[in-house]
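Line order of the protein sequences matches chains H and S. Each residue of the first sequence is one higher than the one before, starting from 1 at the first, in my numbering. Each residue of the second sequence is one higher than the one before, starting from 1 at the first, in my numbering.
Some hints could be false.
[Unchecked claim] Beta-carbon label-pair distances, calculated as ranges:
#1 H:47 x S:158: 17 to 23 Å
#2 S:60 x H:310: 41 to 47 Å
#3 H:132 x S:180: 40 to 46 Å
#4 H:259 x S:94: 49 to 55 Å
#5 S:228 x H:282: 47 to 53 Å
Simulated from the structure, these hints should not be mistaken for laboratory data. For every residue, glycine included, the Cβ atom is placed at its ideal position computed from N, Cα and C.
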Amino acid sequence: MKACFLAALSTLLITPLAASESVMFCERPLMAQQVAENTWMVEGLKEELSSNNCGHIGNQAFIVTPNGVILIDSGSSPAFGEALKTLIAQYTSQPVRWVLNTHHHPDHFFGNAAFGEAQHLTLASTRALMSRDREALIDNVERLTGRTLERSHIALPDVVEAGELMLESYPLTLFALGGHSGGDLVIMDDSTGVLFLGDMGFYQRAAATAHTPGLHQWQEELNELRTLDAKIAIPGHGPSAHPDTIIDQTAGYLAWLDQHLSAVASEGLGANHALAVEIPGAFSALALAEYELTRSIMQLYPRYEARLLWDTPP
Amino acid sequence: MALSTQAFIPYRLAMTYVALTCLLVTSLAPMAHAASASSAEQDPLNSFMWPVHRERFLGDSPVVFDERVIVNAPGFAEDSGQVPIELDASALEVSDEPITNIVAWVDLNPIPQLFSYSPMSHGLAKLSLNIRLEQASAVRVAVKQGGTWYVGGTYIEAEGGGCTTPGIATADNDWENTFGELQGRLFANDAEQRLRVRLSHPMDSGLIPSQPAFYVQSFELLDQQGQQVATLDIEASVSANPTLGLHMRPSPGGYVIGAKDNNGNRFAIGLQP
C-alpha cells in the first residue's frame, strides 16, 4: 500500500500533466518537436505577423535540465507565452527558470511576461536595441495581429555576457553576434550538439533584413558558426536541420541579395530596377520570398547607393 | 486601441473626401461634361479622389488613361517616408509631338502633388524619385502631349513588416552636418545620359507642429552653354534627401543641375560624361 502510494506520487511528480490534451493557440494546436535529448522546438508558421497566425511566426526551443527548463525565445505576445508555458508543462514538471532571448524582434521576446518567475537574459547589445525599438515594435504587433498587448508587461531582460554560461550545473556557450539585427545571441549546447541560431539562420523562409548592419557581416558570422561542429541547428524561422544546410541556404541567399543590390546600385538604376528581378530557383520557393525581397530592397538599397555612388561610409 | 484609431481616422477623412467629391462633382458636372469625353474617363484605380485631383491638376484638357504611362513602385511601403517610384512614358515619345509637362500626385497625401516636370528640349519622359506616403493610396502620373493628358498610375499599400521600425532606410538625425551636399553621377549610353542625383535636405513639410516648412522647391538642368534645358518643381511630399533619376538626351559637355529651396538656398553640381 505504502509502495503503491509512493509509486503514484512519483508518477505525479515526473509525469507531464494532461499530456493527452493539446494546447491550442490561435485556434490551432501548438506542437513541440523533440530535436535532441531533453531538447524540443516549437516551430512558428512561415508567415509575417498577421491576425491569421496571432503572431506565432517565430521558433522557440526549450531544454529540460535537472534543475529547471531553459527557454530560448518566447514568441510575440504574453498570451502566446502563456500557451507556450502550458505546452512545456506537458513535457516536464520542471518550471521554466531561464529565458534566453536571441534578439530584439517582437516575435522573440514579447512572450517573456508569461515566465515572470524565471530569469530573463540577453546580450547587452540586444537589450539596448529592445529599449530603442520596443514601442514601435509593440505598435507593429498590435497593428498586424489586431490584438492589444499590455505594454507594461513587455519588459527588458537582464544582461548576460558571451562565453560560457552555467545555469545551475548546466553549461551553455553563448556567442555575441550581430549580422541579423545588430545584437544576435547564438547558443551552443555542447552536451547535445544543438546550435540555437536565432534569426542568424532562416530555413525554408526568406531572411528578414530590416536591422542588419550589413549582409557581409552576417555572412562572415554564419561562416564562423560552421566551425562549431554542431549536430543539429534550430533556426529562428523554419524547421531544424543540419547546421550546414541552414547556413548554406541563409548565406547563399544573402550573397545573392548582396550581389544583386550592388549590381543595380552601382549603375545608378534605382530601387525599382532592383525589384524587377527574377528570384533564382534555389530561393524562389522559400516562404515569403517576394515579400522579404521587396522589404530588403527598400531597406538596403539606399545604403548600397550611398556606398557605391556617393562614397559615404555605411 | 492603436488599431481602432488607425481604422477610424482614415474612415472619417474618407467620408469627408467623399462628401467633398460629391459636392464638387455635382456642382461641376455640366462643365466637366462639356470639357471631356467623360465616359471613357473611368478611373482604373477607382479612387474617390480622382475627380478632385483631375480638376485641380489637369484642368479642362482632355484626359486619357493610357497604359503607355508606366508607374513602377513596390506594392507596399516598407518605409512610408521613402517609397521609390519610377515613371516611364518613353512609349509616348515615338510620336513627334513634344511632351510639354508631366505632373504627379498621391491621391490621399495631405500634400497631394509630388512634382511638375517640364522636359523642355533635353529631358526624356522617364524619372525616378522617392516619395512620402501618408496612407495606402493611388499614385498618379499625367503626361501632357499635344494638349491631351495621358494618365498612368499604381496603387501602393502602406504597411511595413513586424520588425520594421521608423526610418530604417534613412536614419538621418544629424542632417545639419550634411545639409546642402549635392552629389551626382552621370551614366552615358548612345540613347541617353542617365543622371543620378542626391541632395541632403530635410524636406520639412511644415505639417509637423513647431517645424516650419523647409523644403526644396525646384531643380533645373542646364547644358554646357548655361541654357536651361529642363525644369522640375517638387513639393514636400518628396522624401527627405531627394534622390532623383533623370534621363536626358546626350549632351557632349554633360549637364549642370541646380536646386533651390523655399528659404532661398541654392545648390548646384556639374556632371560630365
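Checked hints:
no.	hint	in the structure
1	H:47 x S:158: 17 to 23 Å	20 Å, holds
2	S:60 x H:310: 41 to 47 Å	44 Å, holds
3	H:132 x S:180: 40 to 46 Å	29 Å, violated
4	H:259 x S:94: 49 to 55 Å	35 Å, violated
5	S:228 x H:282: 47 to 53 Å	50 Å, holds
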